[in-house]
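S.K.: What follows is each chain in one-letter form.
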Amino acid sequence: MPAPKKKERPRLAVIDYGMGNLRSVLKGWNQVGADAYLANEPDAIASADAVVLPGQGAMVDAMRRLKETGFDRVIRDWVAADKPFFGICLGLQALFEHSEEGDCAGLGIFEGSVRRFDIDATLKVPHMGWNSVTFSREAPLTEGFESGVDQFYFVHSYHIVPTNPSIIWFETDYGVRFASGVQHGRCFATQFHPEKSQSKGLQLYANFLLCL
Amino acid sequence: MLSNRIIPCLDVHSGRVVKGVNFVNLIDAGDPVEQAKAYEKQGADELVFLDITASSDERAIMHDVVERTASECFMPLTVGGGIRTLDDIRAMLNAGADKVSLNTSAIEEPELIKQAASKFGNQCIVVAIDGKQCSPGKWEVYSHGGRKNTGMDALKWAQQVTNFGAGEILLTSMDADGTKDGYDLPLTRAISEAVSIPVIASGGAGTLEHLKSAFHEGKASAVLAASIFHFGTYTIKQAKESLRDAGIAVRL
Numbered sequence: 001m002p003a004p005k006k007k008e009r010p011r012l013a014v015i016d017y018g019m020g021n022l023r024s025v026l027k028g029w030n031q032v033g034a035d036a037y038l039a040n041e042p043d044a045i046a047s048a049d050a051v052v053l054p055g056q057g058a059m060v061d062a063m064r065r066l067k068e069t070g071f072d073r074v075i076r077d078w079v080a081a082d083k084p085f086f087g088i089c090l091g092l093q094a095l096f097e098h099s100e101e102g103d104c105a106g107l108g109i110f111e112g113s114v115r116r117f118d119i120d121a122t123l124k125v126p127h128m129g130w131n132s133v134t135f136s137r138e139a140p141l142t143e144g145f146e147s148g149v150d151q152f153y154f155v156h157s158y159h160i161v162p163t164n165p166s167i168i169w170f171e172t173d174y175g176v177r178f179a180s181g182v183q184h185g186r187c188f189a190t191q192f193h194p195e196k197s198q199s200k201g202l203q204l205y206a207n208f209l210l211c212l
Numbered sequence: 001m002l003s004n005r006i007i008p009c010l011d012v013h014s015g016r017v018v019k020g021v022n023f024v025n026l027i028d029a030g031d032p033v034e035q036a037k038a039y040e041k042q043g044a045d046e047l048v049f050l051d052i053t054a055s056s057d058e059r060a061i062m063h064d065v066v067e068r069t070a071s072e073c074f075m076p077l078t079v080g081g082g083i084r085t086l087d088d089i090r091a092m093l094n095a096g097a098d099k100v101s102l103n104t105s106a107i108e109e110p111e112l113i114k115q116a117a118s119k120f121g122n123q124c125i126v127v128a129i130d131g132k133q134c135s136p137g138k139w140e141v142y143s144h145g146g147r148k149n150t151g152m153d154a155l156k157w158a159q160q161v162t163n164f165g166a167g168e169i170l171l172t173s174m175d176a177d178g179t180k181d182g183y184d185l186p187l188t189r190a191i192s193e194a195v196s197i198p199v200i201a202s203g204g205a206g207t208l209e210h211l212k213s214a215f216h217e218g219k220a221s222a223v224l225a226a227s228i229f230h231f232g233t234y235t236i237k238q239a240k241e242s243l244r245d246a247g248i249a250v251r252l
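Keeping their order, the protein sequence lines are chains A and B.
In terms of our numbering, the first sequence opens at residue 1 and continues consecutively.
In terms of our numbering, the second sequence opens at residue 1 and continues consecutively.
Heads up, some of the hints might be wrong.
Said to hold, decoys possible - Derived Cβ-Cβ restraints for the label pairs, each shown as a range:
id, chain 1, residue 1, chain 2, residue 2, range
1, A, R76, B, T179, 42 to 50 Å
2, A, G185, B, F231, 51 to 59 Å
3, B, G145, A, D103, 40 to 48 Å
4, A, R64, B, G145, 34 to 42 Å
5, A, A121, B, E111, 50 to 58 Å
6, A, E8, B, D87, 38 to 46 Å
7, A, R64, B, F231, 27 to 35 Å
8, A, A46, B, E193, 32 to 40 Å
9, B, S196, A, A105, 42 to 50 Å
10, A, A121, B, R84, 41 to 49 Å
It should be emphasised that the hints constitute simulated quantities derived from the structure, not laboratory data.
Keep in mind it's a predicted model, so treat the numbers as computed, not measured.
Using N, Cα and C, we set each Cβ at its ideal position, and we do this for glycine too.
Just need the whole structure built from these sequences, with the hints factored in.
M.R.: Structural data, given as structure tokens:
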């Protein structure tokens, strides 16, 4: 059977639910050959090849906006159907059942919770800046990366604690070893911001497009 | 391991770089976007634009600069200078800044920090503190670009802004600024140890040795530097290599 042909300029719906500026997210994806657009309402993702859930700010606000807009339902359906998905930062944390930040429920797509960094007081919170990620040899989309060497830009005070370790895609050390990325089927999400991580971040976006 | 950050700072006036890099090969050396791209290429970890434009009607020019930079650079960008209200913050973030830095407005209205942090997230609210020594081991906070002594204790103010929800402190020593004699290490260390959020050391960098001591002795999370990079004395890469050789974690 011939290999599936890679899509030219796949259409990416970047969910705009009022949680931060999405300009650099759009630019990042477009830079590596996507046709990314902002989706302001659930219907706008129907024709997309992939959905991107960005987000920064407070989890409580993010969840409230996702519910108000109806995006919560369509995201669950999208991921349940194993359609291509990429979550960034809050867009990773929102996939879990519960967050300590504001004691609120998440989308519950993955089992587990989001907890505040409980680490040595000499380490600053937020975890802000460039840190490396480690991954197993079989980890998808890691072509061109060296585990434990390549660094990405992080800024967060809470981290995910997945119940099922098999979904862990990347791990990072910051006083504690935490999951900095998850992957299940065609659902990918990172705690770090690829669109702020210069060439390495764009490379990860490019690798994702290759799997569409 | 988290890398220690090196952050070049560009002073921008009416859309033009005032103190800038002497990079060769730049088509327009006065264009902040060109300079930002050059720094990105050198491996800068973040970038700060300080808007020294006096009048607010020129703010639109800064929005345009930020917008163009954010379109071409894929790295965190902080903008400071003259940001006074939630609307100012929103406009700058919408233009493409990742963080804004507040100084005088935060001093005059500390509530602004709280409101901004809860509205936009603490990750994008940097509070800039200009400190000047008043007696050994004591520093006071100055506002209005260093012209007005507020009489506030710098340590207490740093702890207060942390409690109000600032995500980071940009700490400038007025005594050291412009001297090229090195950062004010006692001040940097005192503030870094007094707060739980990252502290960026600023003011006084003249040599690579100074950058090292800001991390080692000053306990800073990041260093801001202008002239040592602008005048081509060192590239960011050289600075990072020297830090790495001194056992300081950096991204190379």
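S.K.: Indicate, hint by hint, whether the structure satisfies it.
M.R.: Going through the hints against the structure:
At roughly 58 Å, the beta-carbon separation of A/R76 and B/T179 lies outside the given 42 to 50 Å, and the hint is violated. The hinted range of 51 to 59 Å is satisfied by A/G185 and B/F231, whose Cβ atoms lie roughly 53 Å apart. The hinted window of 40 to 48 Å between B/G145 and A/D103 holds, with their beta carbons roughly 42 Å apart. Distance hint check: the CB atoms of A/R64 and B/G145 are about 39 Å apart, consistent with the given range 34 to 42 Å.
Between A/A121 and B/E111 the beta carbons are some 28 Å apart, a value that contradicts the proposed interval 50 to 58 Å. Take A/E8 and B/D87: their Cβ atoms lie about 41 Å apart, and the range 38 to 46 Å holds. Checked against the given bound of 27 to 35 Å, the beta carbons of A/R64 and B/F231, roughly 50 Å apart, lie outside it. Evaluation of the 32 to 40 Å hint for A/A46 and B/E193 yields a failure: the beta carbon distance comes to about 53 Å.
The given range of 42 to 50 Å is broken by B/S196 and A/A105, whose C-beta atoms sit roughly 27 Å from each other. About 34 Å separates the C-beta atoms of A/A121 and B/R84, a value inconsistent with the hinted range of 41 to 49 Å.
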